[in-house]
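Starting from the known structure of chain A, arrange chain B with the ligand on it as the hints suggest.
For reference, the chains in residue letters:
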Amino acid sequence: MSLAVVGGLIARVRGLERADLRVEDGRVEFAPPRAADRVIDASGCVVAPAFVDLHTHLRWPGGLGPDTPEDIAEAALVGGFTTVVAMANTDPAIDRPVRYEQAVARFRDLPITVIQGAAATMEREGSHPVDVEQLAAAGVRLISDDGDPVARADVLVELFARAARAGVMVAQHASIPELSQGQMNASVLAERLGYDGVPESAETAMVARDVELARGIGVHYHVQHLSARESLNVVRVAKRDGLWVTCEVTPHHLALEDTLLTGHDARYKVNPPLRSRATRMALLEALLNGTIDAVATDHAPHPEWRKDVPLELAAPGVLGLVEAFSATWSAVLEQLQRRGDLDAGALDDGRELPDPAQQALLRVIEALGPRPAAVLGLEHRLEPGVTCDLVVIDPRGRVRGGGVGVYRSATSPWLGRELYGRIRWVVRAGRLVVEDGQRVDA
Amino acid sequence: MNSLVSVDDLRAGELEWVVRRSWELAEGAQARPVLRGRRCALVFLEPSSRTVLSFSVAIEQLEGHWIRVDSATSSLSKQESLRDTVRVLEAQGFDCLIVRAPWVGTAAIMDRWFKGSVLNAGEGVGEHPSQAVQDASVLAYLRREEGRGLGVFDGLRVAIVGDLRHSRVARSVGRLWARLGAHIVGVAPPTWSLAPEAFGAQGVVDDLDEVIDEVDVVYMLRVQRERLSDRDTVVDQETFRRRFALTAQRLERLAPSVIVMHPGPITRGVEVDDAVVASPHMVDGVQYRFGVPTRVALLEYLCGEDT
Ligand SMILES: [Zn+2]
Numbered sequence: 001m002s003l004a005v006v007g008g009l010i011a012r013v014r015g016l017e018r019a020d021l022r023v024e025d026g027r028v029e030f031a032p033p034r035a036a037d038r039v040i041d042a043s044g045c046v047v048a049p050a051f052v053d054l055h056t057h058l059r060w061p062g063g064l065g066p067d068t069p070e071d072i073a074e075a076a077l078v079g080g081f082t083t084v085v086a087m088a089n090t091d092p093a094i095d096r097p098v099r100y101e102q103a104v105a106r107f108r109d110l111p112i113t114v115i116q117g118a119a120a121t122m123e124r125e126g127s128h129p130v131d132v133e134q135l136a137a138a139g140v141r142l143i144s145d146d147g148d149p150v151a152r153a154d155v156l157v158e159l160f161a162r163a164a165r166a167g168v169m170v171a172q173h174a175s176i177p178e179l180s181q182g183q184m185n186a187s188v189l190a191e192r193l194g195y196d197g198v199p200e201s202a203e204t205a206m207v208a209r210d211v212e213l214a215r216g217i218g219v220h221y222h223v224q225h226l227s228a229r230e231s232l233n234v235v236r237v238a239k240r241d242g243l244w245v246t247c248e249v250t251p252h253h254l255a256l257e258d259t260l261l262t263g264h265d266a267r268y269k270v271n272p273p274l275r276s277r278a279t280r281m282a283l284l285e286a287l288l289n290g291t292i293d294a295v296a297t298d299h300a301p302h303p304e305w306r307k308d309v310p311l312e313l314a315a316p317g318v319l320g321l322v323e324a325f326s327a328t329w330s331a332v333l334e335q336l337q338r339r340g341d342l343d344a345g346a347l348d349d350g351r352e353l354p355d356p357a358q359q360a361l362l363r364v365i366e367a368l369g370p371r372p373a374a375v376l377g378l379e380h381r382l383e384p385g386v387t388c389d390l391v392v393i394d395p396r397g398r399v400r401g402g403g404v405g406v407y408r409s410a411t412s413p414w415l416g417r418e419l420y421g422r423i424r425w426v427v428r429a430g431r432l433v434v435e436d437g438q439r440v441d442a
Numbered sequence: 001m002n003s004l005v006s007v008d009d010l011r012a013g014e015l016e017w018v019v020r021r022s023w024e025l026a027e028g029a030q031a032r033p034v035l036r037g038r039r040c041a042l043v044f045l046e047p048s049s050r051t052v053l054s055f056s057v058a059i060e061q062l063e064g065h066w067i068r069v070d071s072a073t074s075s076l077s078k079q080e081s082l083r084d085t086v087r088v089l090e091a092q093g094f095d096c097l098i099v100r101a102p103w104v105g106t107a108a109i110m111d112r113w114f115k116g117s118v119l120n121a122g123e124g125v126g127e128h129p130s131q132a133v134q135d136a137s138v139l140a141y142l143r144r145e146e147g148r149g150l151g152v153f154d155g156l157r158v159a160i161v162g163d164l165r166h167s168r169v170a171r172s173v174g175r176l177w178a179r180l181g182a183h184i185v186g187v188a189p190p191t192w193s194l195a196p197e198a199f200g201a202q203g204v205v206d207d208l209d210e211v212i213d214e215v216d217v218v219y220m221l222r223v224q225r226e227r228l229s230d231r232d233t234v235v236d237q238e239t240f241r242r243r244f245a246l247t248a249q250r251l252e253r254l255a256p257s258v259i260v261m262h263p264g265p266i267t268r269g270v271e272v273d274d275a276v277v278a279s280p281h282m283v284d285g286v287q288y289r290f291g292v293p294t295r296v297a298l299l300e301y302l303c304g305e306d307t
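Residue numbers (the working numbering), protein chains in the order written: chain A, 1 to 442; chain B, 1 to 307.
Isolated chain B (complex conformation):
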C-alpha cells in the first residue's frame, strides 16, 4: 500500500503509468477490482460534493466499500487528536483514507500513523495532487497524437492565472508540471501573488496580456467572489477583469492550439467569460471526463499489489 500526500512524492515513472492507465479507463477499459473486500473512508472535513462523487464512483468501480466521515462524525474539535481519529479508523478495518480538509498537512499527519493508503484529496491552500495528476492526464491525452506521453510537458509554456496565494491547485499543478519539464509562469495581482518556487514557476507577472501571446496552456484558477471587492486590501473586480480575466476580447488573441483549463467550478463573468467556456480552447469537459478514470488509476496504483 502506498500513499499520495504531495505531488513531490510522485516519481515520473509512476505518474506515466497512472496517466496511461487513466486514458485506457477513459476510453472504456474495465477497472481492476483491487479494492474488492476493502473499505475506504472518505474523510471529508471540508464539504465538496464533486470530489466525494468522483472518489466514491471510482471506489465502486474498483469493487470497494466506502463510507463518508465528515466533521460532524469526527471529533477533531472535541479534544481528539488526529492520531486518535486514525486509530479509530484503523480499528474499524479501513484500508484506505481519502482526505479532504481545510487544514494544510492533514493528509501528511494521518499518513504518519495510518498503516494503509492515504490519498490527499485537497487540503487548505496546500496541495491537491489528484487534481494535478488528472489535469496532467488530460493535457497529455489531448496531445496524444504526438506519441510522446508525458513528454508533451517538456518545454510546454503554461500560465497559471488568478488567486495563486490561496490556491492548492496552483501549488500542485505548478510543481508537478514543472517537474515534467513545463515552464510555468504565474499571473496574479500582487496581493494574491506567491513565491515562484512555491509553485514551480519561473516568475509571476501582474497582467495576463504580458504572457498571453506566448503560452501553450492558460490554466485559470477559480476566483471566489468573496475575495473580490472594492476594499483596498482585496482585489477589486474591475481591475481583476481588466488584467487577469480571460475575457471574450482576450479569447480572440489566442492562437488556435492554445488550451484553456479550469479546475471548476467556473465563476462565469469573473475569471472567464461565457464565450471562453463555449470556445474550442476550453477543455473543462475533458477535465470532468477524466475525474473518475484518474482516481481509479491512482487507486489501482496505490492499492493494487502487482502494479
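Same shape as in the complex, but just chain A:
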C-alpha cells in the first residue's frame, strides 16, 4: 500500500523542514503525493522517525500484572513506539540462549519490533557472568541485570572484556545496593515522612566506578535511567575522553519530583526514585544540550495490589509508554518558559512554533528515535529512500495522561495530568497502525 503525508514539518538531521512524503511499501520518498491509497493531512504536525524505547518491561515470562506483552505492545504503538528493548529481569531471568530464543519467539508476532535484552549474570544474582559469546551468537545486542546493578567490580570487568569482544552493549542500572534500600529520594522530606532515602551519590559513585573500569577496554557502557545531577558530569567527561558511554533518562525523572510522595502514593515509587526539582532541571538541560542520548520509558506495569499499599510494601515502577512523548515535551516546554525562552500560551495561539520550541522539539524527537536507535547500532533517520517507521506528532495538541483504555494496570502516575503533544498517526512497515491517536489495523 502507499501513503502520502502532506503539509507537515519533517524532522531531519539538519532540522525541521516543510515537505510532503510518500511511503511506498515502507520506503520513504520526499515527493508530492501521486495517487496514494491514503493521504494524511499533517498540517500543524511534525513527522518524525517512529520512537525506539531502550527500556521496556514486557514482563514475560512470569509477569503477575494484568498487562500481557500484547497489551504493552498496543500501548507502545499508541505512544509512537514501533521498537522496544525488553528487559531481562523476568521470572526466570533471560540469562541463557534457550530462554532468549523462547522470548524472541514469544514476541515475534507482536505488532512492534522487540529487541530482547539478556541478563548480565546468571539468574541475575550478580556473581557469575552470563555466556556473553553464546548469547551474542544467538542475537543478543545488550545485557543488563536491570532491577539491580552488577555490583561486583570483578564480575563487571570480566563482562566488559567479553562484551567488548562480542560486540554487546553492557547496560547498567547503576546504584550501590547498600545505599539503595530506601523508599524515596534522600531528602529532608524523606526524613520528615519517615522513609529511608536513596541518595543521588548511590548512582553517581557507581557510574564513575564503571566508567573507570571500562576505560581502555573499548566496551559500550550504557547508563540506564540516569537520575543524578553528578552522573551527568561523569558521562560528559567520559564522552569527552572518547569512551563509548551512552545514557538514557526517563520521562518521569524529567517531569515528576520527589515531593509527589508527600501523600504516600506508591504510584510515584520508582527505582531510581524521583528526585528534587534542581536535579530535574539539570536533567532537562542535559536533554536539551545533547548530553543525554535517549529518553527511555522504563515502562513497568504492576498489579494493583503491588501499588495500592504503603511504599515499603509497594513494587517500584511506573507506566509510561503512552505518555513518553507528551510528558517529556510538556516538561521541556515548562523548562523553556522557566528559562524565559518561551512565552506562556505560545503553543495555544495557533501560530508556528517559536524557534526555541522547534529546536527543543527536535532534541526530544532525536532522543526518542534516531539516538536510541544509534545506541543500538541502528540507522534510523528520515531521509529520502530509507525504509523507516514514522510517527506524526501534533506538538500543540493536548492530551490527558493515564492511558485510559490502553493500559490495563490502573496505576499510572500520569492519570489525570494535562499534557502537551499528541501522537496522531503511526506508520509501521508502511502500514497505518495508529490513526488520530487510536489504534487501527489497516
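Hints may contain errors.
Reference excerpt, derived from the structure (chain B facing chain A, CB under 8 angstroms, subset only) [unchecked claim]:
#1 G37
#2 V57
#3 E60
#4 T106
#5 L156
#6 R168
#7 A198
#8 A278
Coverage of chain A stretches by chain B, computed from C-beta distances (three or more under 8 angstroms per stretch; other residues unrestricted) [as the list claims (entries may be wrong)]:
#9 184-198
#10 311-325
No lab work stands behind these hints: they were computed from the structure.
Ideal Cβ placement from N, Cα and C applies to all residues, glycine included.
Only chain B with the ligand this time, still in chain A's reference frame:
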C-alpha cells in the same frame, strides 16, 4: 466526618477545641454519644495493647461499637491491596478506622479511599498524631493556671531526647508543638539524628548537658534495648547513659519548674533512672490519665456533627 492522618492537618483552632475538651473530660465531664449506633474498626497491623485499650475505652464512652482487625484477619500480605481492605470494611458498615501500622503512609492511603473518618494511631517511624495531641493537652493542662490555653507553647523551650530517627513520636510532637510556637531542640547520638526540619526543631545536639539548663520541657523518647549494643553501627549503652540519659545526677540540675515527659513504656535504667520517675518533674502519670480523654475529644471532634 473528618480524618486525622498527620499533625500537619490540624489547625490551631481545632486543636484548641480538642485540648480544652480533653481537660473537661479528664475532670469528669460526660462524653457525648457521637458514636451511638456507629462502628469503628481498630485496624492494628502492629501490636499495641495500650493503644487498643485507650481507643476501645474511648469508643465505648462515646457509645460506639468497635472490633479489632489485626494482621491475621486482614490479608495485606496475601496479594490484597490496602484498597481492598478498605472496600471490605466499608461494605461491612464501618464509619471510622483507627489505624496502627508498621508502615509509614498506611493511614493516608486508607483515608484516600475510605468515606468515613480515619485516625492515625501511630505508623512506622512516620507519625503519631494522637500522642502529640495528648501531650499538648497534658502540658497546657499542667500550666492551665496561666490561663493561656495553648498559648503556653509560645516560646516554650523543649528538648526531645533519644532515638529521633526511629521515632514517630518525635516527628509528631516536634512538628505540632513547633507550630504552636515552641522552640524544639533535638538531642541524639549522630546515628539516631534527624534533619531538624523533619521534627520542627531548630537544631540537634549530641549531649544532653548542652541544653539541659536552658529548657522548660525534657521529652524523653523510649530507647529500644535492641538498638543499644557495643557494635559500632549502633549506640553503646555506656555512651548513651553518659550523654543522653536523664540520670539521677542530671535530675539534680533541673530547675524546679522543668517538666519531664515520656510517651511510655519507660525503659528504666536506660533513658531515665528510677529517681527521675519518682520525682515531681516526671508527669507520665498525667500523660496516662489523658490517654482516654484525649481520644474521646478527638473522636468527638472528628465524628461529631455539630462541633
Ligand atoms: Zn532499572
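Handout entry: Violated constraints from the hint list, given by number and in increasing order
Key = 1, 2, 3, 5 and 8
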